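J.: Listed below are the residues making up each chain.
2 protein chains.
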Amino acid sequence: MGERIKSEIAVVLVSGGMDSCVTAAIAHREYEMAFLHINYGQRTEHRELQAFNAIADYYNVTRRLVVNLHHLRQIGGSSLTDTSLGIPGANLHRKEIPSSYVPFRNANILSIAVSWGEVIRARKIFIGAVEEDSSGYPDCRKEFYDAFNHAIKLGTKPDADIIIETPIIRLHKSEIIKKGIELKAPFHLTWSCYQREDLACGVCDSCALRLRGFYIAGKEDPIPYLKKLVYL
Amino acid sequence: MGERIKSEIAVVLVSGGMDSCVTAAIAHREYEMAFLHINYGQRTEHRELQAFNAIADYYNVTRRLVVNLHHLRQIGGSSLTDTSLGIPGANLHRKEIPSSYVPFRNANILSIAVSWGEVIRARKIFIGAVEEDSSGYPDCRKEFYDAFNHAIKLGTKPDADIIIETPIIRLHKSEIIKKGIELKAPFHLTWSCYQREDLACGVCDSCALRLRGFYIAGKEDPIPYLKKLVYL
Numbered sequence: 000m001g002e003r004i005k006s007e008i009a010v011v012l013v014s015g016g017m018d019s020c021v022t023a024a025i026a027h028r029e030y031e032m033a034f035l036h037i038n039y040g041q042r043t044e045h046r047e048l049q050a051f052n053a054i055a056d057y058y059n060v061t062r063r064l065v066v067n068l069h070h071l072r073q074i075g076g077s078s079l080t081d082t083s084l085g086i087p088g089a090n091l092h093r094k095e096i097p098s099s100y101v102p103f104r105n106a107n108i109l110s111i112a113v114s115w116g117e118v119i120r121a122r123k124i125f126i127g128a129v130e131e132d133s134s135g136y137p138d139c140r141k142e143f144y145d146a147f148n149h150a151i152k153l154g155t156k157p158d159a160d161i162i163i164e165t166p167i168i169r170l171h172k173s174e175i176i177k178k179g180i181e182l183k184a185p186f187h188l189t190w191s192c193y194q195r196e197d198l199a200c201g202v203c204d205s206c207a208l209r210l211r212g213f214y215i216a217g218k219e220d221p222i223p224y225l226k227k228l229v230y231l
Numbered sequence: 000m001g002e003r004i005k006s007e008i009a010v011v012l013v014s015g016g017m018d019s020c021v022t023a024a025i026a027h028r029e030y031e032m033a034f035l036h037i038n039y040g041q042r043t044e045h046r047e048l049q050a051f052n053a054i055a056d057y058y059n060v061t062r063r064l065v066v067n068l069h070h071l072r073q074i075g076g077s078s079l080t081d082t083s084l085g086i087p088g089a090n091l092h093r094k095e096i097p098s099s100y101v102p103f104r105n106a107n108i109l110s111i112a113v114s115w116g117e118v119i120r121a122r123k124i125f126i127g128a129v130e131e132d133s134s135g136y137p138d139c140r141k142e143f144y145d146a147f148n149h150a151i152k153l154g155t156k157p158d159a160d161i162i163i164e165t166p167i168i169r170l171h172k173s174e175i176i177k178k179g180i181e182l183k184a185p186f187h188l189t190w191s192c193y194q195r196e197d198l199a200c201g202v203c204d205s206c207a208l209r210l211r212g213f214y215i216a217g218k219e220d221p222i223p224y225l226k227k228l229v230y231l
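Protein chains in written order, with numbering that gives the first Met the number 0: chain A, 0 to 231; chain B, 0 to 231.
Just so you know, the hints here were simulated from the structure itself, not pulled from any lab data.
Because the structure is a prediction, the values reported are computed rather than measured.
Hints are not guaranteed to be accurate.
If chains are identical, the list can't say which one is meant, so a pair holds when it fits in one copy or spans any two.
[Unchecked claim] Only pairs whose alpha carbons sit at most 30 Å apart, straight line, appear in this in silico DSS-like list of lysine-lysine:
#  : residue 1 : residue 2
1  : K141      : K156
2  : K152      : K141
3  : K156      : K227
4  : K5        : K183
5  : K218      : K152
6  : K227      : K5
7  : K141      : K183
8  : K152      : K183
9  : K152      : K5
10 : K152      : K227
11 : K141      : K218
12 : K226      : K5
13 : K226      : K156
Please model the entire structure based on the sequences and the hints provided.
T.: Quick look at the structure:
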């Protein structure tokens, strides 16, 4: 496509999963992107970093920052980082907060994004949080981001003027997929599985949500799976 | 003193400086304390950690967490972490934000405290932020903590109920010193200098504020200085 000059910088939080990939595709339309990736000691850390770099290459993003937050493993309290706990099988109908919850994780991530954003004079922080599909994580809700934006306004220099954008927060997974296809988001480069790094397991919450989303959208998921089930 | 049973846990952010030491002395009266220390790549990291452990020993705190946030050095933008910038000499009358500002640093620190606090079921996070003496850092203001408390409420589990306490935020340095002496805070174990690790330099902002505070309080600062000047 013809690239117009983009005068404003946006930090985009790119985990390597499909939601952050579509978020990047949205940010790409208007902003010069800077990509931030967090290693927080999760099982699939290496595979996610590989996906991050592949997506950054796809969009020719040169400003990349990779930060280790391995203290989230030290702190524990979550099956994503504590290998002594099993990953729960998919259960897309439960109401309680799952054990894969890392307490206040997104606040840790956003704080880094804002620190970096202030230094590189970014105007926006894009994060691919999704309220409905977030299995009840409290820090994935719109209200949390509104409150955090207020804290940013009061906690940064007056001329910093940084705002968090959550462009897909109210979308269903299938809508995110359709949006991504419309914007030519590179789904084939993404990784969502919480469990494995070679083939996606197809049974963890993250795989289940993704597979169901592609099924509802009527599209084929381009990444390889060990088991390709659909939980409806 | 006779120790009564303290049923609630408070995470106390202890840098090793005098403000956090007095904050710990305040928290100690009512809470079982858990101490959190952050290494963020500052010049005097080693000396501050030593002070942290000495203060923790003094209060018999067994729950200690030390977290490296060296990415704040990676992110840069501050003379505290970027060794290519000089530390500014003391100027206690300037209005602009000094170059020793690490953007949004306290939000990064508080986010970790909340993550840990949720896991160990703490009810409070104590931080020794001081508005007046903070050289204009935006994330040392009461309004910032109020906003952050609201983000915590929305971003943690409903039963977490964690609140940040800033007991010395409105005090002058000399009042903090008097409060600390009243509570038998171990000032002799603290370290405040931004510049040196053997003797406090006496000329950086942090030393100047501390020396002036002791002078106004009419007390002797028990730590050793290279130059013991008072800027009024």
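J.: Each hint needs a verdict: does it hold in this structure or not?
T.: Consistency of the hints with the structure:
1. Within a single copy, K141 and K156 get their C-alpha atoms as close as 24 Å, and across copies as close as 15 Å, so both meet the 30 Å cut-off.
2. In this homomeric assembly, K152 and K141 come within 30 Å of each other (Cα to Cα) both inside a single copy, at 17 Å, and across copies, at 13 Å.
3. For a Cα distance limit of 30 Å, the shortest separation of K156 from K227 qualifies neither inside one copy, at 49 Å, nor across copies, at 32 Å.
4. When the C-alpha separation of K5 and K183 is checked against a cutoff of 30 Å, the pair qualifies only within one copy, where the shortest distance is 19 Å, while the shortest distance between copies is 58 Å.
5. When the C-alpha separation of K218 and K152 is checked against a cutoff of 30 Å, the pair qualifies neither within a copy, at 41 Å, nor between copies, at 39 Å.
6. Taking the shortest Cα distances, K227 and K5 never come within 30 Å of each other, neither inside one copy (40 Å) nor across copies (52 Å).
7. Only within a single protomer do K141 and K183 lie at most 30 Å apart by alpha-carbon distance; the minimum there is 26 Å, versus 45 Å between protomers.
8. Taking identical chains as interchangeable, the C-alpha atoms of K152 and K183 are never at most 30 Å apart, the minima being 34 Å within one chain and 37 Å between chains.
9. For a Cα distance limit of 30 Å, the shortest separation of K152 from K5 inside one copy, 24 Å, qualifies, whereas the shortest one across copies, 37 Å, does not.
10. Taking identical chains as interchangeable, the C-alpha atoms of K152 and K227 are never at most 30 Å apart, the minima being 45 Å within one chain and 38 Å between chains.
11. Proximity of K141 to K218 under the C-alpha cut-off of 30 Å is restricted to the intra-copy arrangement: shortest distance 28 Å within a copy versus 50 Å between copies.
12. With identical chains, the CA atoms of K226 and K5 are never at most 30 Å apart, being 42 Å at best within one copy and 52 Å at best between copies.
13. Taking the shortest alpha-carbon separations for K226 and K156, neither the intra-copy value of 50 Å nor the inter-copy value of 33 Å comes in at or below 30 Å.
Checked against the numbered hints given earlier, the structure breaks hints 3, 5, 6, 8, 10, 12, 13 and satisfies all the rest.
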